[in-house]
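Asks: The lines below spell out each chain.
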Amino acid sequence: MNMFLHELKSMRKTAAIWTVSLIALSALFLCMYPSVAADAEEFKKLLANYPPAIRAMLGINIENIASLLGFYSMVFSFITLCGAIQGMNLGISILSRESRERTADFLLVKPVSRKSIISAKLLAALTTIIATNIVFYVTTLLIANAVKTEDYSNKLFFMINLTLFFLEIIFMAIGMVVSVFFKKLKSVLPISLGVVFGFYMVGALISTGKSDDVARYISPFKYFDITYIIKNAGYEVSYLVTAAVIVIAAIIASYIIYIRKDIHAVS
Amino acid sequence: MSVIEIKNLTKSYGKARGIKNINLSVEQGEIFGFIGPNGAGKSTTIRTLLGLIYPSEGNATIFGKSCIEHPEVRKELGYLPSEVFYYDNMRVIDLLKYSASFYKKDCTRRIKELAEVMDLDLKRKIEDLSFGNKKKVGIVQGLLHEPKLIILDEPTSGLDPLMQQKFFELIAEENRKGATVFFSSHILSEVQKMCSRVAFIKDGKIIKLEKMSTLQENSYKKISIETKGIIPKDVFDIKGVSKLESKGKSINFIFKGNINLIMAKMADIDLRNISIEEPDLEEIFMHYYVKEE
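Heads up: the protein sequence lines correspond to chains A and B, in order. Take full-length UniProt numbering: the last position of the first sequence gets the number 267, and nothing is skipped along the way. Take full-length UniProt numbering: the last position of the second sequence gets the number 293, and nothing is skipped along the way.
A hint or two may mislead.
[Claimed, not checked] Computed list of lysine-lysine pairs in DSS-like fashion (alpha-carbon distance at most 25 Å, straight line):
1. A:Lys231 to A:Lys148
2. B:Lys75 to A:Lys115
3. A:Lys261 to B:Lys243
4. B:Lys7 to A:Lys261
5. B:Lys177 to B:Lys205
Calculated directly from the structure, the hints in this document are not laboratory data.
Next up, chain A with everything else stripped away, as it sits in the complex (with noise of 0.2 Å):
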């Protein structure tokens, strides 16, 4: 518990500047969004000039794009991406904070094993993610109805939210398998946006070329296609599926190796 709570406030920072940055993302779309939906044709004329090969890049789906929720989903990629590179963060940045500090000569030293101390902070990671995604959706919902010109489904506004969760974990995963296997990791972003920026490129070149469902699972990015979400009120169960199982076998990976490894002295 102790150090759950220290791995916590040593987050705390971090999380707050990264949850704002989300929301005041958010909310600097979802306020263009009156207006884009006041000149809807005028909108979808414009965006149809794009070549096809463009919009499918941005997410962008014209015949949604004035509704609500579409418009919400073509800027949701670019939230997914920020989050993505929150939970890469983070993912990083746990187990080789004592690397990083130097202070594993103090914290593996304790009467503790290493699984509990992995186990503490990847629930301090889980805490931070889940308290990012709840502020987060509930001002996102208060200011999706401030700016809404008609109803839409709240149910659908959350699934689409909960993606962005999704994605965090995701990338939380990938990044703590990451960092186990450097033995000296002195800066966490680098790594964390080459990754999440590699992903996000590939995903982008994946929905360019024909809707191709193999592809897809390449990209975290495009295991929630919201389109998909907003036609059939549900996620595609193998994509979730590849999802938890990669989430599943980075952690048990990164226990394992962590568990195993020499902790060398500092130079």
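Following the hints, position chain B against chain A.
Replies: Using the frame of chain A, we list chain B on its own:
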């Protein structure tokens, strides 16, 4: 039961570094010195003992249990690493409280006492501390739960002489109260003052393990003489003489063995001056190293 038990401990990484077949046992109440030059394998041995590093072969236990399988035995362990780093954005007192929270006992009084002895300001942020002050945090942190085993890895680096003195008093006091101390260093004089037994390590192997008293007993003498006339070099070519240096009429060497033998030799020489001293550990130590090479 030995407090520390190291059996056939081997850790190899690549070719050069690592430790080979280390055997050691430290009894309760002892102050045990672990001496070797930098890179000899002292830290590797200690880190394996603490469960930070997995051994390639053999095992290392404290209180009869391996730290890797039974992390809870570290409850009775206080460790001071050679270089101390803590969470920079914490205040000293918060860090010490966090440290204490792992031991499930009230350490507030002890923290205050230790901070007073070491002259440490508890309210400051760790990032604002100098190296020496961080080391003090490390000392308080290692001792605040009154451990039964204290492991020190190069403890005095960064401390000024006055603080070193206080630190040694503190350790001696803990030892009087029953704590066992395992003390690694490359500075021999500090080990000489405190330890009851000492092990020399070089290139990952223990080359000598001896009682301090045996080391310092009459077995070693540092002898310097000045002769009236030039004497043949091979006069001192006898068993037990090492580090023989002769410059004209003055001759220095270290002698180990029966003193009567060497005194008999001396009696035959026409001496102008003689001095017989206790060699310090440094010289004995160098003696081992030179012989090994």
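Asks: If a hint holds in the structure, say so; if it does not, say that too.
Replies: Comparing the hints with the structure gives:
1. Among the hinted pairs, Lys231 (chain A) with Lys148 (chain A) is consistent with the structure: their alpha-carbon atoms are about 20 Å apart, no more than 25 Å.
2. For the hint linking Lys75 (chain B) to Lys115 (chain A), the alpha-carbon distance of about 17 Å falls within 25 Å, and the restraint holds.
3. The straight-line distance between the Cα atoms of Lys261 (chain A) and Lys243 (chain B) is roughly 45 Å, outside the 25 Å bound, and the hint therefore fails.
4. A distance of roughly 21 Å separates the Cα atoms of Lys7 (chain B) and Lys261 (chain A); the hinted pair therefore holds under the 25 Å criterion.
5. Of the supplied pair hints, the one linking Lys177 (chain B) and Lys205 (chain B) is violated, its CA atoms being roughly 32 Å apart against a limit of 25 Å.
The structure does not agree with the numbered hints 3, 5 stated previously, though it agrees with the rest.
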